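*Asks:* Protein sequence lines correspond, in order, to chains A and B.
So for the first sequence, the working numbering puts the first residue at 10; every next one is plus one.
So for the second sequence, the working numbering puts the first residue at 13; every next one is plus one.
Some hints could be false.
[Claimed, not checked] One-sided excerpt, in silico: chain B residues whose CB lies under 7 Å from chain A: (1) E34; (2) Q57; (3) S64; (4) M109; (5) T112; (6) P181; (7) T184; (8) P188; (9) P333; (10) G337; (11) Q338; (12) V340; (13) G343; (14) N345; (15) A360.
Since the hints were made in silico from the structure, they are not lab data.
In this text the structure is predicted, and so the values were computed from the model without any measurement.
The C-beta atom is built at its ideal place from N, Cα and C for all residues, glycine as well.
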Amino acid sequence: MLSITQVFAQNRTITGTVTSKDDGGPIPGVTVKIKGSNTGVATNAFGKFTISAPLGATLQFTAIGYYQAEAIVAGEKVNVLLSSLSAALNEVVVTGYQTKTVASNTGASATISGAEIADKPLPSVDDLLAGKAAGVQITTQNGDPNGNAFIRIRGTGSVNGGSQPLLVIDGVQIPDNAAPQFYNGLNPNDILSISVLKDAADISQYGARGSNGVIQITTKKGSSSGNDARISYLFQYGDNKAIPDNFTLMNSAQKLQYEYDLGYTNGDLANVLGTEGLPQDITAVTPSQRQTAWNVLDARNHNWEDDILRTGHIMQHQITISGGNDKTQYYVSFEKYDQDGIVVHSNLDKWAGKINLTTKLNPYLTFTNNSNVSENGTNVVRDRFNAQSPFVAMYIYNPYEPVKLPDGTFNPTSQGINILEELQNVPQYDKYLTAIDNSSLDFHPIRGLSISSSIGMVLDQYTDSYFIEPGSELDGYVDDPTAPGFKQDDGSQDFSFDWVNKINYKFDVAKDNHFSILGLEEFQKDEYTSYSLESKGYANPALSTQDNSSANTGANSTTYSAYTIFSLLGSLNYNYKEKYFLDGTYRRDGSSRFGANDQYGNFYSVSAGWLVTDEDWAKNIEWLNSLKIRGSIGTTGNFSGIGNYESLGTFSSGKYSGLSTIYPGQIANPDLTWEQKNNRNIGVDFQVFKFLTGTVDYYSDLTTNLLFALPVSQTSGFSSVEKNVGAMINRGLEVTLSADLIKKHGLLWSVYGNLTNNVNRVTKLYNGTNEIDFDGVDVIKPGYAINTFKVVRYDGVNPQTGAARFLDASGNVTENYSSADAVIENGKSPNPKLYGGYGTSVSYKGFEVDADFTYQYGGYTYNNEYQTLTSWGGNYYQEQSTLALNYWKKPGDVNVLPKPSASSPDEGYLLDYYLQKDNYVRFKNLTVSYTIPKEFTQRYKVYSFRVYVQGQNLATFNPDHFFGDPEVGIGSKDSNLYTPGEQSLFSYNSTRQFTMGVNVTF
Amino acid sequence: MMKKIYIYTSLLLLTVAGCKKELIQNPDNAVAARDAFNTPANFTQAILGAYSGLGGSTYYGGEDGGSMAATPDVLSDNLILSSAGRKSEQDYFNFNMTATDVWDLWPSAYTQILRDNYIISNIGNLSDGAFKNNILGEALALRALAHFDLLRVYGKAYATATDGDPGVPYVTSTNPFLLPARTSDKTAYGLVVADMVQAITLIGTDNGPYRLNKSAAEGLLSRIYLYEADWANAVTAATNSIKDANSNGHVLGTPANFGSIWIDGDDESSSEVLFRVSFQDADGIAIGVGYEQASGTSVKPEYSPDYAFFNMYTSTDVRGPAYIGQTVFNGANLNYITKYFGRASGDANVVDFKVIRLGEVYLNRAEAEYNEGPSGYAAALADLNTLRAGRYTSFTPGTETGGTGGTLYPAIMLQRRLELAFEGHRFFDIKRLGLPIQRSNFGDLANGTGVPAAVQLIPAGSNKFELPIPQSEIDANSNISQNPQ
């Protein structure tokens, strides 16, 4: 009532200036209006405005990037100071199906900008994420150029289900099996930003697929400036080498002495003795005869690593073109990336191309298409725990065994196979073709309303060709002598489509209440087909296609498998004055994977945020630039743990004597459903003293309905049935800080760091079970972290006899090893207690130096490499490390290995002696670059010219003397282990790269 | 504008409606249990599935991680570990087995038993007649055989077992959630015999070389009775087996054709092999790998025959060259087991596994006849001579005598050891006779020098004769008691 009278009071002409509180400069484009009215004016280029209003009226000042201000008309001049939001708060964040500003985001997501991962000598996106975001633990599997990293967001959320997060590229969900290929197939330089979604506010939108977190990649789009297109060419060249070992292998003299002490005469030595007419037993000849024979072998001493490893080259060419106007924007890129592996015959050959196009068909309708195609071809090097893997062979071949025999043929060695011969004559080549194409139509009929429909198609195609050349050593071992040579071609194709229909309406109620409602329907279908063809009988090693074969092996096959997901999502975002935020989501997923009794799941989340520094009282705190408190609670599911048909009881078919058979395949479980997570998060985002920005989050995620292969008595003919039982909790603290230490006179120095502490505890297993043995070295037990190690305690050596001593389960010393004496080592598991990354960046007048580090602390690994290379005599016939020489020789010796014996069974023991801390700090990247001043280059029509040199994986700090590389993946790739950091086996060594590059933009 | 909204909404509704059906996806390579046992063809497929269960990876289809072909000889005095090989099964050879590092026969055998039980429990779906009887007979015989294999590995020898000694659970149900305890040794053997006896009344006379038939089942029964020291029944079963085999055209091999058995070159319709488990190249199972692998022109042995045992094959014994070959590997002269080296053409180390053959049946009968007492000595000698005539070129019948200090019994046991070497018998024979495992001190080279066995004596009655039950069974089933080691 009162206001109406006021409005009809006398209107005056009010003028004023709006200036910025930060630097005093004028702010153009500020909307000035009388509070409550719809009409307003804008400030001009000088920040000045003129408006008609009565005395006593309240004027409102709003501008993007600034806090809203109000002032009461007390006279004809009204000057106002606006304080800017931190630039950070205005940045746009992609969080699931919506885009929000950092200010309005109630979730804990982390954003990694494309610039942080650009121009590196690593072809895969997942490796590049290491150390970049709190809560995201990246373990690089190994140095394979086409390898993949393990990604764990906020701890391991599942035992038997998958633990890898969901990958979404430009809005399209990628099937879990295909995700590793897409990390390798994308060109990292095409990426605009990566959002890592971690808490319920963001991941509950993905319902049954969200519980391991979501990695959302957005690729670059064109610009709407209307200027000429930007054309950019990048060239990078460098080399690639294995990281040096931190242990030494025995040389010939040492190995021969060791073999003699064990009474073993190796085959080569026996030959030498035989040709000299001596008995072929090194213990039966005189010392001088022995030394003579040793000298013959000593002369052949060499290091197998030198023959098997090499320095590989890296070469990258890339062209990107981006441009557009306000109607159409485009971004096009092409990349060719070649990297030689560190082993002879290993390499990666990558092609990638992308087109992103957005165009306005008319003022209401926008069409977008994002496409990406890439092909990765790689010569495969077997990565498994036997002599057919070069990474094992180079450590177990004896140093006195030559690579080639005197007649020029490859020496089969005591292992029976020469890996260099096998790499040459048994080639295996893999090709991965990945393609993604997403088309969407967005319709904006009225302000605030948008309706869109998009279809994303995803293709992941794999072909593998494996050829045992006729006449090769392996051919002699395994093939049919009447049909030598063997070829196997197999492949698979995974095609899926993701159809999303979305409606989003943004509206305001009473000016200060802002609503956004989203409704969404999504349907996904994935079809997987595979084939395998093999044949034998190849006359010529050069002709390996199967039309050259002479005989069928009869083992050809094809398979088919499919799943579907149908989903509905509703979400509501509300804020009051852009200061108090409240969001809620609800998602309903149904899938063909779930049992008939449990086919649909419901997932929800509620989250809230408070932009504290928007409060009037907070604006007076000088040193507090921005502060937001937020929290979320919700549920998600883990869809990736279940196979496509696991709830059905079935009979499978096979063959016997060439005829068809059926046999029981699987026990039925109609109650089978996804694993569920209850996520809770509370966090704070802040900026203080204008230079220090940070985020702190505390989370607690409880997983229930854990999928377990419930062991059944093997007398049933099965070993297990899949059931949802068991629970596990992950709690942690994430801290991210970044600071601009110096920002003056063109010198910029900034530092960043993140730290995550994650604690995992299993809380419940299925009825009647207290402990599950896992992979032999660790257990899953309520009250302990998942994969807590359980091993036998080693108690050194009996000084009088040299016998090994152990502690039995009660702690008494015994000289008998029994696996029943294994005890749980509380607090020791592969899960690190702390992990993260930190780094710094200095730039001055075009020069820039960036350094990045990653670290891990508190995890343990069972070091099989250590056990194999320092055996107690049981591995006498293969190479050992020099540490194996430190064994008991006479009474009184202490701090030594037990007295060795050729029949020692220690290789089958599981001892805490081989359980090592794998703490490390890795100097991941150092880049020194120079960008020629733009004023200079632009005279020659070159927009920018940048040169750089960089090193990747430069140094590792290994404080606890871990034997081998402390960054442990899953042992060997073909080992059937899948818990990162649990066991070290021999694997593709980690590599170090040095490259130089040039980036020219026109 | 409105038209566009209308089209949009109807498209949306269509997708919602059409999708419900898509939520049901069925596998392309499996059938539901209720569709699996309806027609005779289904039952044929199921019984063949049961036979393929015999070819399980730690059973008759094992390679170098535990198998019927190799492990019973690894656990005996027939073999010496070769230093030239990959040391596979070394821990078994040294009798260092633990519940987590042991021959995993247990799950393979029970997988096979489940397949038999499904057939037996669904057999009512077939109409009465010869086809139904034959299938039921095969399933019962297979079930008996698998339990028998389990008993001779994990249970005590029948002759020395007390009533309380545990055997293995005798499983006849397809319920996957049972937690059975170990049936007593003696009771379990009784159930094995009962199943086999019933099988013999039902099974057909000829199902082809890769499936059981009446004479094969009777032969297996003679083996079971022998293990039970039930001499009279052993003689009867063996006699029936030989009679039924002969009337079906199968006769004992001769020195001329004996070698062809081992390269699967024998005439299957007249061969002395009564039942063999089929392995084809396409199956990808190479049972010889437990013994050796070819390497160019030489052979890399995992195990060589014990030198003392090797010398027991005389120069006229055709089994010598059929079972054992000579090679030079890495400059050393070595003997290797060539019994499973492969066929004349085909993948290396792929051959069928011969489960029961007339050679063994004759030896079963000879031993049983001898043990019946002096009245049986003549028959025992006759059977021994029949066998030897089929194995030695230019053979004149022997005249060994029985009784204490006699030569007949040692001759029978020698022939058994020579005949059935490397065929899944030696460990079990030593165990049932209550003897120790005594290895020689000879080394692994062809002339007896080289590295001798690290463990050379396992005393009679040692706990090592009953293998530890796999730890995963102990963990899953609290009703199972472990064998002391």
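*Asks:* Kindly indicate which numbered hints from before are broken by the structure, ordering the numbers from low to high.
*Replies:* Violated hints: 4, 7, 9, 10, 11, 12 and 14; rest satisfied.
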